[in-house]
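Visitor: What follows is the residue order along each chain.
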Amino acid sequence: MARLAACGLLIFLAAAATARAQGLEVTVADPYLEMRTGPGRGYPVVNVVERGERVQVEKRRTDWFQVIDENGREGWVHKGQMSETLVPAGVKMDIDDPSREDFGAHRREVGLLVGDYGGSNVVTAYGAYAFNEHLAAELAVAHLLGNFSDGQYLTLGVTHVPRPDWRIQPFLSIGTGVIRIEPKGTLVGTEVRTDQVAYAGVGVRAYLARRFIIRGEYKEYVVFTDRDENEEDTEWKIGFAFFF
Amino acid sequence: MENRIRILLLSAVVLVTGCSYMPWRKDAPEAEPPPPPEAGETPVVIDPQVERREVKPAKIDTENWEAGLYVGSLSVEDFEVNPVYGARIAYHVSEDFFAEAIVGTSDAGFSSFERLSGGAPLLTDSERQFTYYSLGFGWNALPGEIFLGGKRAYNSAVYLTLGAGATRFAGGDRFTLTAGAGARILVRDWLAVHLDMRDHIHEIDVFGANKTSHNYEASLSLTAFF
Numbered sequence: 328m329a330r331l332a333a334c335g336l337l338i339f340l341a342a343a344a345t346a347r348a349q350g351l352e353v354t355v356a357d358p359y360l361e362m363r364t365g366p367g368r369g370y371p372v373v374n375v376v377e378r379g380e381r382v383q384v385e386k387r388r389t390d391w392f393q394v395i396d397e398n399g400r401e402g403w404v405h406k407g408q409m410s411e412t413l414v415p416a417g418v419k420m421d422i423d424d425p426s427r428e429d430f431g432a433h434r435r436e437v438g439l440l441v442g443d444y445g446g447s448n449v450v451t452a453y454g455a456y457a458f459n460e461h462l463a464a465e466l467a468v469a470h471l472l473g474n475f476s477d478g479q480y481l482t483l484g485v486t487h488v489p490r491p492d493w494r495i496q497p498f499l500s501i502g503t504g505v506i507r508i509e510p511k512g513t514l515v516g517t518e519v520r521t522d523q524v525a526y527a528g529v530g531v532r533a534y535l536a537r538r539f540i541i542r543g544e545y546k547e548y549v550v551f552t553d554r555d556e557n558e559e560d561t562e563w564k565i566g567f568a569f570f571f
Numbered sequence: 117m118e119n120r121i122r123i124l125l126l127s128a129v130v131l132v133t134g135c136s137y138m139p140w141r142k143d144a145p146e147a148e149p150p151p152p153p154e155a156g157e158t159p160v161v162i163d164p165q166v167e168r169r170e171v172k173p174a175k176i177d178t179e180n181w182e183a184g185l186y187v188g189s190l191s192v193e194d195f196e197v198n199p200v201y202g203a204r205i206a207y208h209v210s211e212d213f214f215a216e217a218i219v220g221t222s223d224a225g226f227s228s229f230e231r232l233s234g235g236a237p238l239l240t241d242s243e244r245q246f247t248y249y250s251l252g253f254g255w256n257a258l259p260g261e262i263f264l265g266g267k268r269a270y271n272s273a274v275y276l277t278l279g280a281g282a283t284r285f286a287g288g289d290r291f292t293l294t295a296g297a298g299a300r301i302l303v304r305d306w307l308a309v310h311l312d313m314r315d316h317i318h319e320i321d322v323f324g325a326n327k328t329s330h331n332y333e334a335s336l337s338l339t340a341f342f
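The listed protein sequences derive, respectively, from chains A and B.
Quick note: the first sequence uses our numbering, first residue 328, plus one each step.
Quick note: the second sequence uses our numbering, first residue 117, plus one each step.
Heads up, none of these hints are tricks.
Derived lysine-lysine pairs resembling DSS-like cross-links, with alpha carbons at most 25 Å apart:
| no. | chain 1 | residue 1 | chain 2 | residue 2 |
| --- | --- | --- | --- | --- |
| 1 | A | K419 | B | K175 |
| 2 | B | K327 | A | K511 |
| 3 | A | K406 | B | K175 |
| 4 | A | K386 | B | K175 |
| 5 | A | K386 | A | K406 |
Please keep in mind that the hints were generated in silico from the structure rather than gathered at the bench.
Please model the complete structure; the sequences and the hints are all you need to start from.
Guide: This is the structure in structure tokens:
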């Protein structure tokens, strides 16, 4: 008997896994659910599903869910209405979206910054991983584009956020890496230089919406050259990032 | 707690051994009796053993990424109009905004100066290759529908984009701003056709003096949402 029950359990688990792969079925709990022709607030409502009826959730694009009703009609429903429907367990559908509360407590951040490095234009992509709310490791790769030279740098550093609960969060950063400077061909007697670099900086990041943040920073760099004097550069950048 | 551990163990064993082997029936220990109530405390008559069901967010297929290829024509300022090939990837943050990255390449032609003077060409073949990348964002300014005849309607959007990146041309990398406008038509829920116009703006000094060069591009692309 117990063996039979265990077999039943296995079959049930397998069936449940298959059912999930086919999409989620939810029951309308609001007075009605509006289905639009497209995933946007401007698209017309072409179908209304009443309370108690069920719809099949096919997929999601940004804040919109594509659903099929019991009569086989397709349409797009907004997240606000979707979160009021009931899943088979009888509770409201839990849409686990990043929000203002998650900003600061997030683990990963990826972004793009544009600005000026010592008179050259700079395009930077970076990724960060937070060990806790205050401290994160950050890897940045940049393309430097100047009138007289081009170059790249790759840096690894740490950032410290003193107040991760604020909507606008200042931060401090230090790090090190390598920089490669390639003078333009029109100049004579110069060579490609690869040097170690270290930086210290301050910046600010602010929550915009969803998983979107805006970020600006200022850094002081020291390039450890093999000449008599080290080179010092300043950099400012602004851009946007996602957290997840 | 005891019960929870037991359930966990049972499930693990069921999964590992399948339906053939059940060793726990002999070994299952007796549940401990509840501790006697202390003085002044109401004795617990019923200790509910109901576990709260943990509701996990449903796995729903999200399609916020879009990737595809494009072909078009690129007018490299002073260096003729030529075919351009590129790739594009975008992440839709909301119904209004998206982030996008594009990379493209084209072989520029000869300038009028090179043709008329009959002298040596200004650039080598490899310097004549025009390659760019741009990272930026876009705004779906005019979302809507496009009607084809009386029975077909396709979702569409006209969008504006702005990006920054670099262009490799004439023997150097140049900081480039890319401004564009495009129209996206969804022929299927997951498949889109784009018509894009872009201007790649950078400084160039091929003819001696520095000047701002506008390089206009018109392209047709096919992208898939995933």
